[in-house]
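With the sequences and hints as input, model every part of the structure.
Protein chains in written order, with our numbering: chain C, 1 to 300; chain B, 1 to 457.
Please keep in mind that the hints were generated in silico from the structure rather than gathered at the bench.
What you are looking at is a predicted structure, and each value in this text was computed from that prediction instead of being measured.
Treat each hint with caution, since some may be false.
As the list claims (entries may be wrong) - Only some residues are given here: those of chain C computed to face chain B with a beta carbon under 7 angstroms: (1) N43; (2) G44; (3) W132; (4) S135; (5) Q137; (6) T157.
Beta carbons: idealized from backbone N, C-alpha and C, even for Gly.
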Amino acid sequence: MKTKKNNERISAALFMLPSFIGMIIFSLLPILISIFISLTDWNGLEKLSPATISKDFIGLRNYTDILSGTEFWNVLAHTLYFIVLYIPLVFIASLIIAEILFQARKGVGVLRVIYYIPVLTSWVAASLIWKWVLSPQYGAVNQILAAVGINGPNWLTDEIWAMPAIVLASVWKDMGFYGLFLLSGLNGIDNTYYEAARVDGANKAKIFFSITMPLLSPSLFFCLIMSLINAFQLFPQVMIMTEGGPNGATQVMVERIYTYGFKYFKMGYASAYSWLLFVIIFALTLLQLKGQKVWVHYES
Amino acid sequence: MKRDVMRKTLAMGLTIAVTMGLAACGSSTSSTAGTADSISATEKPAAAATSQADTAATSAAAAAASTVSAAPVTISYCNFNASGGNEETLNKMYEAFHKENPDITVNIETIGYDDYFTQMQTRVAGGTAPDCYELNIENFAAYSSKGVLAPITGVDTGNFNQTALQAFQVDGTQYGLPGDFSNVVLIYNKDLFDKAGVDYPTSDWTWDDALAAAKKIRALGDDYWGIYAPTTYNEFFKEAAQYGGSLLNEDKTEFTINSDNNLKAAEMMIGKVTDSHVQPSDTDLAGMGDSDLFESGRLGMDITGIWMFSTFKDACDFNWDCAVEPGGTQKATHFFSNALVINASADADKQAAAAKWINWLASSDESAKMRIAASWNLPAISNTDVLADYLKQTPPDNRQAVFDSLNYLVTPPIIEDYSQMSDIINEKLSEAASGKITPKDALDQAQQECQEKITLK
Chain C
1 MKTKKNNERI
11 SAALFMLPSF
21 IGMIIFSLLP
31 ILISIFISLT
41 DWNGLEKLSP
51 ATISKDFIGL
61 RNYTDILSGT
71 EFWNVLAHTL
81 YFIVLYIPLV
91 FIASLIIAEI
101 LFQARKGVGV
111 LRVIYYIPVL
121 TSWVAASLIW
131 KWVLSPQYGA
141 VNQILAAVGI
151 NGPNWLTDEI
161 WAMPAIVLAS
171 VWKDMGFYGL
181 FLLSGLNGID
191 NTYYEAARVD
201 GANKAKIFFS
211 ITMPLLSPSL
221 FFCLIMSLIN
231 AFQLFPQVMI
241 MTEGGPNGAT
251 QVMVERIYTY
261 GFKYFKMGYA
271 SAYSWLLFVI
281 IFALTLLQLK
291 GQKVWVHYES
Chain B
1 MKRDVMRKTL
11 AMGLTIAVTM
21 GLAACGSSTS
31 STAGTADSIS
41 ATEKPAAAAT
51 SQADTAATSA
61 AAAAASTVSA
71 APVTISYCNF
81 NASGGNEETL
91 NKMYEAFHKE
101 NPDITVNIET
111 IGYDDYFTQM
121 QTRVAGGTAP
131 DCYELNIENF
141 AAYSSKGVLA
151 PITGVDTGNF
161 NQTALQAFQV
171 DGTQYGLPGD
181 FSNVVLIYNK
191 DLFDKAGVDY
201 PTSDWTWDDA
211 LAAAKKIRAL
221 GDDYWGIYAP
231 TTYNEFFKEA
241 AQYGGSLLNE
251 DKTEFTINSD
261 NNLKAAEMMI
271 GKVTDSHVQP
281 SDTDLAGMGD
291 SDLFESGRLG
301 MDITGIWMFS
311 TFKDACDFNW
321 DCAVEPGGTQ
331 KATHFFSNAL
341 VINASADADK
351 QAAAAKWINW
361 LASSDESAKM
371 RIAASWNLPA
381 ISNTDVLADY
391 LKQTPPDNRQ
401 AVFDSLNYLV
411 TPPIIEDYSQ
421 MSDIINEKLS
431 EAASGKITPK
441 DALDQAQQEC
451 QEKITLK
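Quick look at the structure:
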C-alpha cells in the first residue's frame, strides 16, 4: 500500500519535472539575477557575467533615482486611476454575467462561449480592434454616441480620456474570466439557504445582499486579488493602444520597465523598477490577505 | 482500460508540448540568451543548403582560377530591411557578391522588424551576435556607444554620399555604413494651388513663402488645410537646423534645446497649428492621418517622406508634385537611413569579410541597380547615374527633388541616450501643439528634463 503511494508520488514528480525545469530556468533564475542587475547600470548589451555586475555596480542609486523623481509617482497615480475605474466596473460586469449564466435555462453553453471569447483573444488583436472601435471619427463608439446626440471624445489622443478608453477595453476583455469564477461561486451556494430565505419572505434584493454576496465572498476575494495584480501589471493594451501617451498620460509600471530596458538600454534602472513593482504587489496582496477576515465568509 | 492508457499518453504528450512551447517563449525574451541558434533554426536549413551549393561551385572556380589568396571565410548577416517581400532581391545581391568574392560566404538571416531589436539585444548580450547586421538610427546610437560595434576600416567607401556616411561616424570613427536612405520632401496638391491662385512651390522657397501659400489655400473653405508638417522631435531637429540651431553644442557635451534659433524654429512649427491655424491640430484631424487628408484632396502641402510616393500615386485622383522642402534662414533636409554594422567581438578575418560585404551591399553600383529594379529602396550613393530608372517613374514629375534634397541633408544628433532624448522632446512639443504650453515653455522644459535625466559625455 505504502509503495503504491510512493510510486504515485514519483510519477507525479516526473510529470511536473518538465514545467518545473522550465520555470526554474526561465522564470526563477532571471528573477534572482534581476536583483543583482537592479544594483548596476548594466546597459543590456554587454555580455552579462559576475564580472560585469561588479564592474557596473552602483549600489542603490537606481532605487533612489526612481523614488526621488516625479515620474514614478505619476506612473503610480496613473495605475491608481486605472484601478479606481477598472475594478468596480469589471466586478459589476462580471457579476451580471455570472447572474445571467446562472439564471439562464437555455443556451447556457453558447452564452458561456460568447462571454469567454474575449478572454481567449490575444491582447494584441483585441487592442487593435479597440483602437479601431475608439477611433474618434470612424469608430463605432463615437458613432453610437453621436446617434444619441453626444459628441464623443478623442479617446486615445486625449489625456483625460485615454485611460478610461483602456479601462473600457480591459473590462470587456476580462469580464468573462471573472464572470466564470463568480459563476462557479454561485453554483457552490447551497440551495437550502435560498429556500429558507424565501420561506421567511425575503425579497430578491435582500436575498442577493444577505445570502449571495456573503457566500460569494471567497470567489470575490480571489477575483479581487487577481484583478489588482493584473491592474499593476497592465501592459499590452497600453503598449498597443497608446504607447504610454498622450503626453505620458497612460504611462504605467510595466510600460516604463519595458521602455527603460529595451528602448533606453537602462537594464539596471528597469530591474529596479520591476522590484519596486514586486514590493507594491506583494504588500497589497498581504494587506488583502489580512483584510479578508473582515468581509470574506467561508462556509462551514 | 485501454482508453484510459490512451488518454494518459495524450495528456502527457500535451503537457510536454505545452512546456516546450513555454520554454520557447521564455527563451526569446530571456536576457541571458544563448538561444540564438534555436531562434534562427528555421532560417538556417535554407541558408545552409545554398551555402553548400555555393561552396561546391566555389571550390571548382578556385581550382580554375588559382589566384585565390585569402582563406575562405563564412560570415553571418542579420537584417530586417528585406523582410516582407525583398528576401529574394537580397539573395540575388548576395549571389552577385559571391561571384566577385568567392572566398566569402554569407549566411543571411532576415527577421521581421517587430522582433528584430529585442532579438538583437539578446544576442549581443549573450555573445551570439551575427558578424554583421543592420540597425536603425536609435539603436545605432545606443550600440555604438556601448563598445559592441567594430570600426569599419579597410574598404573603399568612396561611392557613398559623404554626408550620409558621416551620419554613422561617432567621434570621427566610422561605426556603420548607410544601408539605404529615404528623405522628406514637400508634396503638394497642384489643383488646390491652381484653385487658390498661388504659384507652385520651388526649391528656393522659405517657410514665409510656404505659410503665405498655406493661408490662401486655407481660405478656400473650412475643410481645406494649407500645410501639414509633424510637430515631433524628428521634424524639430531638422527645422532647428533650418534656423541655424541645434539640440547639442558642437562637441555634444551640453544640450542647447532652448537656444534662440531653436525657439524661432519651434515658434514657426507650432504657430502654424495654434496661431495661424493653417495646419490642422490632432483634434482637427480626429484620428485621421495627414496622408488621408492629402489623399482626400483637402490638404495643400504635406511635408512627408518619399515612401508616400507609391501610395499617393494610387490614391490621389488629382495632380500633385513635389519640391525640396522650404527652409528657414537656410535649407536643411531630412535623411533617414539604417546602419550596417560589424560585431566587435567577431574574429578579425570575419570582420574584414563583413566590411567587404556590407560595403558592397550598400554602395556598389551593381547592388544599387538591383535595389532600384526591385523598387526596394534607395542606396545612399553619390553616383546618380544608376538612379536614372528611379527618376523616370512619375508622378511626381519632379522626382529630382529627392536627390536635390540630399545637398542640404542634416543627420540626427547621435548621443548614447538618443531614444530618451527624442521621447522627452516629442512629449513637450506635442503639449505645445495642443496649446497647453507655449513653444518657449516646451523648449525650456525639454532642456531641463534632458539635463536632469541624461548624462552627456
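Hint-by-hint comparison with the structure:
no.: 1; hint: N43; result: holds, 5 angstroms
no.: 2; hint: G44; result: holds, 6 angstroms
no.: 3; hint: W132; result: violated, 10 angstroms
no.: 4; hint: S135; result: holds, 5 angstroms
no.: 5; hint: Q137; result: holds, 4 angstroms
no.: 6; hint: T157; result: holds, 5 angstroms
This entry does not satisfy hint 3, going by the numbered hints stated previously; all others are met.
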